[in-house]
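Be aware that the sequence shown starts at 3, since it is given in my numbering, and climbs by one per residue.
Treat the hints as calculated values from the structure; they're not laboratory data.
It is possible that part of the hints are untrue.
Unchecked claim - Keeping only pairs whose Cα atoms sit at most 25 Å apart, straight-line, the calculated DSS-like set for lysine-lysine is: (1) Lys86 - Lys75; (2) Lys47 - Lys32; (3) Lys136 - Lys32; (4) Lys132 - Lys86; (5) Lys86 - Lys47; (6) Lys63 - Lys132; (7) Lys136 - Lys58; (8) Lys32 - Lys132; (9) Lys86 - Lys58; (10) Lys121 - Lys32; (11) Lys58 - Lys47; (12) Lys121 - Lys85; (13) Lys63 - Lys84; (14) Lys136 - Lys47; (15) Lys85 - Lys63; (16) Lys32 - Lys84; (17) Lys121 - Lys84; (18) Lys121 - Lys136; (19) Lys136 - Lys63; (20) Lys75 - Lys47; (21) Lys47 - Lys91; (22) Lys91 - Lys63; (23) Lys63 - Lys86; (24) Lys132 - Lys85.
Said to hold, decoys possible - So the derived label-pair ranges between C-beta atoms look like this: (25) Lys132 - Leu88: 27 to 35 Å; (26) Glu60 - Leu88: 27 to 35 Å; (27) Glu81 - Asn105: 21 to 29 Å; (28) Gly124 - Lys85: 17 to 25 Å; (29) Ala55 - Asn80: 18 to 26 Å; (30) Val125 - Lys47: 30 to 38 Å; (31) Met51 - Asp31: 16 to 24 Å; (32) Asn30 - Lys121: 17 to 25 Å.
By construction, the Cβ of each residue, glycine as well, lies at the ideal position given by its N, Cα and C atoms.
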Amino acid sequence: MKLRLIALFLMILPIMGITAKKKEMRENDKLMVIWSSGDPDVAFKVCLMYTHAAKKREWFKEVHLVIWGPSAKLLSENEEIKKKVLQMKEDGVVLEACVNCANMYGVADELSDMGVDVKGMGVPLTERLKADWKQLNF
Numbered sequence: 003m004k005l006r007l008i009a010l011f012l013m014i015l016p017i018m019g020i021t022a023k024k025k026e027m028r029e030n031d032k033l034m035v036i037w038s039s040g041d042p043d044v045a046f047k048v049c050l051m052y053t054h055a056a057k058k059r060e061w062f063k064e065v066h067l068v069i070w071g072p073s074a075k076l077l078s079e080n081e082e083i084k085k086k087v088l089q090m091k092e093d094g095v096v097l098e099a100c101v102n103c104a105n106m107y108g109v110a111d112e113l114s115d116m117g118v119d120v121k122g123m124g125v126p127l128t129e130r131l132k133a134d135w136k137q138l139n140f
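Please build the complete structure, drawing on both the sequences and the hints.
Encoded structure:
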């Protein structure tokens, strides 16, 4: 009887290891996209397209779009980009913007009104980098 239990345990042990590894991979399955380009082509054809797909297709468990620098101004001025970003928010992409950048361009209130979390990004960015989030920059 003890021998059977030991054999059963030895059979289950590798399965438990695989399950734990998959769970660990999902816990580290976070993407942060830093969008700083003021170029509408970069926004539409690369940054927003990939970021949105990464969330909708569940390539990553958690997806954050960080609006940084010139992208804040572009977002406030371009209605097509604004519409795309709002759809991304509806689909679960977390929208954040650097408050200093948004203030420099005079768009902090407008971004906040869109549902963007406008805040100091130095600490969150540093914490995510140290926590080994995956990161893309556009």
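Here's how the hints hold up against the structure:
1. Lys86 - Lys75: holds, 15 Å
2. Lys47 - Lys32: With Cα atoms ~22 Å apart, Lys47 and Lys32 stay inside 25 Å; holds.
3. Lys136 - Lys32: Given pair Lys136, Lys32 holds - Cα atoms ~6 Å apart, limit 25 Å.
4. Lys132 - Lys86: At roughly 30 Å apart (the allowed maximum being 25 Å), Lys86 and Lys132 break the hint.
5. Lys86 - Lys47: Roughly 12 Å separates the two Cα atoms, so the pair holds.
6. Lys63 - Lys132: holds, 18 Å
7. Lys136 - Lys58: holds, 17 Å
8. Lys32 - Lys132: Within the cut-off at roughly 12 Å; holds.
9. Lys86 - Lys58: holds, 13 Å
10. Lys121 - Lys32: Status holds; Cα separation ~20 Å.
11. Lys58 - Lys47: Given pair Lys58, Lys47 holds - Cα atoms ~17 Å apart, limit 25 Å.
12. Lys121 - Lys85: holds, 22 Å
13. Lys63 - Lys84: With Cα atoms ~24 Å apart, Lys63 and Lys84 stay inside 25 Å; holds.
14. Lys136 - Lys47: Satisfied, since the Cα-Cα distance of roughly 20 Å is no more than 25 Å.
15. Lys85 - Lys63: holds, 23 Å
16. Lys32 - Lys84: Roughly 24 Å between the alpha carbons, so the hint for Lys32 and Lys84 holds.
17. Lys121 - Lys84: holds, 19 Å
18. Lys121 - Lys136: holds, 21 Å
19. Lys136 - Lys63: Holds - the C-alpha atoms of Lys63 and Lys136 are around 11 Å apart, at most 25 Å.
20. Lys75 - Lys47: Roughly 18 Å separates the two Cα atoms, so the pair holds.
21. Lys47 - Lys91: holds, 18 Å
22. Lys91 - Lys63: holds, 15 Å
23. Lys63 - Lys86: holds, 20 Å
24. Lys132 - Lys85: At roughly 32 Å apart (the allowed maximum being 25 Å), Lys85 and Lys132 break the hint.
25. Lys132 - Leu88: 27 to 35 Å: Holds, since Lys132 and Leu88 (Cβ atoms, about 31 Å apart) stay within the stated range.
26. Glu60 - Leu88: 27 to 35 Å: At 20 Å between Cβs, range violated.
27. Glu81 - Asn105: 21 to 29 Å: For Asn105 against Glu81, whose Cβ atoms are near 22 Å apart, the range 21 to 29 Å holds.
28. Gly124 - Lys85: 17 to 25 Å: violated, 30 Å
29. Ala55 - Asn80: 18 to 26 Å: At 20 Å between Cβs, range holds.
30. Val125 - Lys47: 30 to 38 Å: At 31 Å between Cβs, range holds.
31. Met51 - Asp31: 16 to 24 Å: holds, 20 Å
32. Asn30 - Lys121: 17 to 25 Å: Holds, at about 24 Å.
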